[in-house]
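J.: Residue numbers (the numbering used here), protein chains in the order written: chain A, 1 to 333; chain B, 1001 to 1441.
Be a bit skeptical, because a hint or two may be false.
Claimed, not checked - Some residues of chain B that are not near chain A, with every Cβ distance over 12 Å (derived): (1) Lys1073; (2) Lys1156; (3) Gln1190; (4) Asp1201; (5) Gly1217; (6) Pro1254; (7) Thr1276; (8) Gly1390.
Unchecked claim - Going by beta-carbon spacing under 10 Å, a handful of chain B positions derived as facing chain A: (9) Ala1113; (10) Gly1134; (11) Leu1135; (12) Asn1154; (13) Gly1222; (14) Gly1224; (15) Asn1225; (16) Glu1279; (17) Phe1308; (18) Tyr1384; (19) Lys1388; (20) Thr1392; (21) Ile1408; (22) Asp1420.
These are calculated hints, taken from the structure and not from any lab test.
Because the structure is a prediction, the values reported are computed rather than measured.
All C-beta atoms, glycine included, are put in the ideal place defined by N, C-alpha and C.
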Amino acid sequence: MTRAGVATAVEDHAAPEMDGGPGARKGVQPAGGRRRTWSRYRFWETATPYVFVAPVLVIVGVFVYWPLLYSTYLAFFDWNFVAPTKEYVGFDNFVRLAHDPRFHRALWGTLIYIVALVPAQVFLPLGLAVLLWPIRRSRAQAVYRATLFSPTVISFSVAALLWLWIFNPLQGILNKAIVEFGFAKVSWLSNPNTAIWCVIVVSIWKTIGFNLLLYLAALEAVPNDYIEAASLDGASGWQMFRLIRFPLITPTFFFVLVTTIISVNDEVFGAINVMTDGGPFDRSTNIVYYLYEQGFRNFQIGSASAVSLLIFAGTAALTWVQFRFVERHVHYG
Amino acid sequence: MANRDASAIRRRRQAVSRRTFLRGASAAAGSAALAGLAGLPLARKATAADKPVEIVFMHIWGTPPGEKAADIKHPSTLLIEAFNARNTGVTVRGETPSGDYYATLSKAQAQMAAGKPPALVSTPWSNINFAVQGLQVVPLEKLGGNELQQVLANYKEQVLPLVTLNKQTVGLPLAFSCPVMYYNNDIMKQAGVDPAQLFKDWASFKTLGAKVRAVTGNPILGLGNNADWEAQSIIQCNGGRVLDDNAKPVWDSPEAIAAMATIADINKAGLYLQSTTTESNAAFIGGSLAIWMGSIASLGGLSKQVKFDLRTAPFPVFAGKPRKMSSGGSFIGCYARDKDQQRGAWEFLKFVASKEGTDIWLKTGYLNSTKYDAPVLPNQDAAYIELKDGLTRESPWPGARGAEIQKIWGTYVSRIWAGDISAEEGCKQAKQDVTPLLPKT
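Just chain A, same shape as in the assembly (with noise of 0.2 Å):
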């Protein structure tokens, strides 16, 4: 072989490790001391990856990271995204949230929802899985996935009205029932007592559904020698489930627990808006909700920026709790 046909074949094998990689550490140098480089085919090696890739950093880059970045620079400003001037406010969107009386409402509100939804939609799609899974191989369970996982799929303006006929103080089916047992009517959306349960009932109704596909998939995949060979010993079904289903589904339900958290009050905003509009009296608004009426209905745009940055962090800080100190109980197999 050539000094030429050398130095290509040692190019050919250093090309992965280039850049600071272990062979570049290693001074493995192409003959004669050149730069390194590519031939016309390895360009296309190069690029193509770039290529494939682009698309989906130019997404991200556009919807995720700009944004992020814009509502950082915003949230220090006093502007609503037409008048000509930004006015530098400095930390006073942020200063003004802390004595905003609505703010803090909204920030209750979000609590209750995460208390109340997170165990909700994590747990009752868990053992509505656990108890479908019996019946895999029959109709009924086509028929209760179906029913159970149609809410989901429909929009949440329809789905909210249906929920408003049901809840109509007057002519609600649910008045109407309770009535029958001789109770009192209950303007259940503008009862500052019940309005946020009626938005938590419907969010539950509406999300349910998802999850409880997500378990039975990940309860499908769960070896049947296991089960089978616990059934030899004797184990119980609570046994089975606590002992082996149950850990060998842990990365789902830690994927179920994990989303569930960050998007819970993203998913009851449909709720609030079609129902009760944060009311009565702002008890069953949440900080997203709170964002978008600051950004949409009173154009504060600064004031929303400041919000969406609260946000990030505290969804942030919370997966990280998560990841900290919940997936070390997750089986990966």
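For this one, chain A is given, so just place chain B on it according to the hints.
T.: Only chain B this time, still in chain A's reference frame:
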């Protein structure tokens, strides 16, 4: 062997390093972006010069309630179609992003931010300050020039101040409404109550209302709009005001507090329905609720939806005091920055203000804000009584945070009426809460 050497040298000459590749790709992407940014406006200008002007009129009026889109067109659509049929070289395209004024304004704001402002937007009276200070609405003086006075001469004198701010006409009056009492006359007959006596004043409303309640077993009065709008009328009828001439809140005056306490008392008597506006509307249409406070603009929709004898009445007054209701609705504001778009907008506004345009528009049920003769629709007379008694401007919420002030006050109104807080405490707390949001000057 010689061939292989030559091939290797050629490959090396043609080779590209990773750094070179990334630099080249970045430069190409940057150049393309700059070329795109520089080229787009030019292309747009060239296109605009060649084509007739098309303008967007963004508004809230979609399919009328109780109708199917294919059957009946809203008068706003008929208005646009009648104008386009004139072939003036200006084409108007209607857009209805939402049936809610604030959502529509928000959508318009987003388009303005994107550099594509809709030429015309139905802008609520209450947002007049925001339209001027926040959205830089183009005053009609700039659009209409010498033609403006001729156009404005067609409007009633009491209407023009509603669209005048700082001696400039900020838009064309269009949707001109006021709150009225819609009632189910079948229920009134069953209760043996004379509606004229029931709605005479708030004291008689409370007394006779109990007889109406006895028929349905339900509260009798529901709210159809944002509570702050009706509250303004009730406060004014008792001699109070919501905002003073400098747009400072004065809703904690004894007159205002007493007016707010009146509805709270009606609630205590079991006559006021605590509900969302959607719920009260559904209950009224369904015949479960006897009386619904709503805008006269709802007349057309309600007339088609109800299956009972629908009637309207002016708002009750406070004994010995004159009726002084608040107007409501929206004006058409021009937000176009482009000269051609502004020219197109003015052409359309002139048509809206014409006799032909007015005749089409008044099919909505809104009040006639012009001097043209127009027939009063059945059940519309209650609104004209209120107009005759004198309608004031809907509260022009002050400054950049006006919408927030309106929301806070509206929440307190709801709390007071529902008995969640006393009228005095609520009015005072509301004033405290909004004070930091008021403009400094």
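J.: If a hint holds in the structure, say so; if it doesn't, say that too.
T.: Hints versus structure:
1. The claim that lysine 1073(B) is not at the interface with chain A holds, since no C-beta of that chain comes within 12 Å of its own (minimum 23 Å).
2. At roughly 31 Å from the closest C-beta of chain A, the C-beta of lysine 1156(B) stays outside 12 Å, upholding its exclusion from the interface.
3. With a minimum CB-CB distance of about 16 Å to chain A, glutamine 1190(B) clears the 12 Å threshold, and the non-interface call stands.
4. Distance to chain A confirms aspartate 1201(B) as a non-interface residue, since its nearest Cβ pair spans about 26 Å, more than 12 Å.
5. Not every CB of chain A lies more than 12 Å from the CB of glycine 1217(B), the least distance being 9 Å, so the non-interface label is violated.
6. With a closest Cβ-Cβ approach of about 24 Å to chain A, proline 1254(B) is found to remain outside the 12 Å limit, as its non-interface label requires.
7. Its closest Cβ contact with chain A, about 5 Å, brings threonine 1276(B) to no more than 12 Å, contrary to its assignment away from the interface.
8. Remark: the non-interface label on glycine 1390(B) is consistent with the geometry, its nearest Cβ contact in chain A lying 30 Å away (cut-off 12 Å).
9. A cut of 10 Å between beta carbons decides the hint on alanine 1113(B): the least distance to chain A is about 4 Å, and the hint holds.
10. Of the supplied interface hints, the one on glycine 1134(B) holds, with its beta-carbon coming within about 5 Å of a beta-carbon of chain A, less than 10 Å.
11. This hint holds: leucine 1135(B) has a C-beta 5 Å from the nearest C-beta of chain A, less than the 10 Å allowed.
12. Hint status for asparagine 1154(B): violated, given a least beta-carbon distance of 31 Å to chain A, over 10 Å.
13. Hint status for glycine 1222(B) relative to chain A: holds, with the closest Cβ pair at about 9 Å, below 10 Å.
14. The interface hint given for glycine 1224(B) is broken, as the beta carbon of that residue sits about 14 Å from the closest beta carbon of chain A, more than 10 Å.
15. For asparagine 1225(B), the suggested interface contact is broken, since its CB lies about 13 Å from the closest CB of chain A, more than 10 Å.
16. Annotation: interface hint on glutamate 1279(B) holds; nearest CB of chain A at approximately 5 Å, less than 10 Å.
17. The closest approach between the C-beta of phenylalanine 1308(B) and any C-beta of chain A is roughly 14 Å, which is over the 10 Å cut-off, so the hint fails.
18. With its C-beta approaching chain A no nearer than about 31 Å, tyrosine 1384(B) sits outside the 10 Å limit, and its interface hint is violated.
19. Against a cut-off of 10 Å between C-beta atoms, the interface hint on lysine 1388(B) is violated, since the closest Cβ of chain A lies about 34 Å away.
20. The restraint placing threonine 1392(B) at the interface with chain A is violated, with a minimum CB-CB distance near 24 Å, outside the 10 Å limit.
21. Evaluation of the isoleucine 1408(B) hint against chain A yields a held restraint, the C-beta minimum of about 7 Å falling below 10 Å.
22. For the restraint placing aspartate 1420(B) at the interface with chain A, the shortest Cβ-Cβ distance is roughly 6 Å, inside the 10 Å limit, so the hint holds.
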